[in-house]
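Go ahead and model the full structure; you've got the sequences and the hints to work with.
The UniProt record's numbering applies: residue 1 is where the sequence shown begins, and numbers increase by one.
Calculated from the structure, these hints are not laboratory results. Every value quoted in this text rests on a predicted model; they were computed, and no experiment measured them. C-beta: ideal position from N, C-alpha, C; glycine also. It is possible that part of the hints are untrue.
[What the hints assert, rightly or not] Result set (DSS-like, lysine-lysine): computed pairs, CA atoms no more than 25 Å apart in a straight line:
1. 132 <-> 79
2. 238 <-> 199
3. 171 <-> 199
4. 171 <-> 79
5. 199 <-> 100
6. 171 <-> 106
7. 106 <-> 79
8. 82 <-> 106
9. 41 <-> 159
10. 171 <-> 82
11. 82 <-> 41
12. 106 <-> 41
13. 82 <-> 100
14. 171 <-> 100
15. 263 <-> 236
16. 192 <-> 79
17. 199 <-> 79
18. 82 <-> 159
19. 159 <-> 192
20. 199 <-> 82
21. 241 <-> 263
22. 132 <-> 100
23. 192 <-> 82
[Stated by the list, open to error] Label pairs and their computed distance ranges (CB to CB):
24. 137 <-> 197: 35 to 43 Å
25. 99 <-> 232: 31 to 39 Å
26. 241 <-> 140: 52 to 60 Å
27. 79 <-> 232: 25 to 33 Å
28. 112 <-> 198: 27 to 35 Å
29. 54 <-> 229: 46 to 54 Å
30. 98 <-> 137: 20 to 28 Å
31. 286 <-> 229: 44 to 52 Å
32. 232 <-> 192: 33 to 41 Å
33. 232 <-> 144: 50 to 58 Å
34. 279 <-> 127: 42 to 50 Å
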Amino acid sequence: MSVQENVVIRTSRRGNVIAVSREHYLRDDLSCGSDLCRMCKHPALGLASGRLGASQEIYVIPDVSAILDQTDVILSDIKPFKEVLFLETVVNEVRLTSAKVYARVKEALTTMGSSSNYAIFSNEHHRSTFVKRSDQTNTHAYREECILSAATWLAQHWKPIGRQPMLVTDKDLTGKVLKNVEIFSVENLVRKYEGIEPKLRDFVQTRDENSDVDMRDAKRPRLYSDYMPLADAQRKLKNGKLLQGIYNTNPFNRLEGTVNVQKGAGSEGERFSVLIQGRENMNRSVQGDVVIV
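Here is the structure:
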């Protein structure tokens, strides 16, 4: 164990000059987070029981923007997000920015039984990945330095076990590679895997949901198909080609719901539920809406 000492000179209200010394302890026995690694020690982790496994060759490392803006994708339990490593730098920033998202990340790290594997890497306290901050470096730039330092070291550290880190961001990047570390935007990564995992697209938070976009803009991409004309809907309801019911949202999955309908009139009619899955099939429906299917 080694110590990094940071001395800050401050002035008190009375004008006295005070030297404040802060010690930052660095260790070389902290686990990288992979259960396959034999170079790291694997102590009992208590509630933070996450360990990356062998379900895929890529270990996803999300940055702050990816977690805050695309939480559903990162925690979707769908390939390539079956093995996710959270960096200490990123988790600390998420904790300060969004209590709701931080709670979801903490739950993922401490809940057993998930089909995906989650782990945290203490990059700010690992001797090989620690980055000393200079006086000229702002918070954002320093955070990026910490993330890149950790990813670069992990790329070399995981070579013997055949695993590769992939940095994932919500920024507009196009398969950029930095020192053997691939960097993908969430959109590009989803586009790469949605052919084998079609449900992945449903978890993507669109830009229109994150920002104030003029809904009347003609150049704005179409997210949903147009509603059926009222006359056509009434005619098809009358001849039994469509059924009407109330939409009920799944409380555990916002991209899924059911519609309770009846086929046939009176007490002899058959009652059943229709399962609705995916953003496109929901077509803007919310809890309690009267819909036709």
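* Any of the earlier hints contradicted here, and which numbers? -> Checked against the structure, the hints that fail are numbers 1, 2, 22, 25, 27, 31, while the rest are satisfied.
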